Amino acid sequence: MMGKTAIITGASSGIGQAAAKELAGRGFSVMLAARREERLVELKKEIESAGGQAAYKVTDVTSAEEMKALAEAAIEQFGQIDVMLNNAGLMPLSFMNKLKIDEWDRMVDVNIKGVLYGIAAVLPHMEERGEGHIINISSVAGHDVTPGSAIYSGTKFAVRAITEGLRQELDPAKNIRATIVSPGAVTTELTETITDEDILSAFSNGPSMEFLQAEDIARAIAYAVEQPTHVDVNEILIRPRQQK
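Per this note's numbering, the sequence shown runs over residues 6 to 249.
These are computed hints drawn from the structure, not numbers from a lab. Worth double-checking, as some hints may not be accurate.
Claimed, not checked - Computed cross-link-like contacts, DSS-like style, restricted to lysine-lysine with a CA-CA straight-line distance of at most 30 Å:
1. Lys9 x Lys118
2. Lys50 x Lys9
3. Lys118 x Lys179
4. Lys62 x Lys179
5. Lys73 x Lys179
6. Lys49 x Lys105
7. Lys118 x Lys73
What the hints assert, rightly or not - DEER-style ranges, computed between Cβ atoms:
8. His235 x Gly170: 15 to 23 Å
9. Thr234 x Asp203: 43 to 51 Å
10. Asp201 x Gly135: 44 to 52 Å
11. Glu42 x Glu77: 15 to 23 Å
12. Asn102 x Ala74: 37 to 45 Å
13. Gln85 x Glu42: 20 to 28 Å
14. Gln173 x Pro233: 15 to 23 Å
Just so it is clear, the structure is predicted and the values come from calculations on it, not from any experiment. Backbone N, C-alpha and C define an ideal beta-carbon position, used for all residues, glycine too.
Please work from the sequences and hints to get the whole structure.
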């Protein structure tokens, strides 16, 4: 993996942060993207202290222009883009009768449009090079809807549909791969965006289980990208053993 470059959105915490460290440790140069600059600076220093190469660009994934600028910055810094990890996401679960429309809008903007803008930012470059790998983070909620998850699940079903559609449309001669990663319950900051007290109460009273760690998902991502070029890992569904 030496000499390859990965862009990682949502790199300031959770799966994005863990994936950045994992890929950097395997020889990738990583372009870190998120809105919280102080987190990106800290992560860049940590990766470089461990002998890796990293750069960052403060980016709002809901802006097509900023995502395009992110891709251009990665090419300027490292010369190419081999992997695009569209990881940024929000999960403010709520019951629909609470009418948290602002939260619905934000999920659609980040979870769906953010992925689309990430694809648009890198696909022309990858087609021109004849090489690349686009990895989109969906969720177990993109396979199964539960009370309170309707909007979030809708966005994650969309990510799966978009990624599968992309895979089918890609010209095999262009050597571009597309992968969906669908994590189950992971210890991250995602639940901190939940404002529905009934959802929070249900979480508190729910069954106990050992959650996945972000590093578990990062290793799954690394597995997909390290396969030989003729191997296209279409989807990875990974959840705690105790999760239904």
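(request) Check each numbered hint from earlier against the structure, then list the numbers of those it violates in ascending order. (result) Hint 6 contradicted; others consistent.
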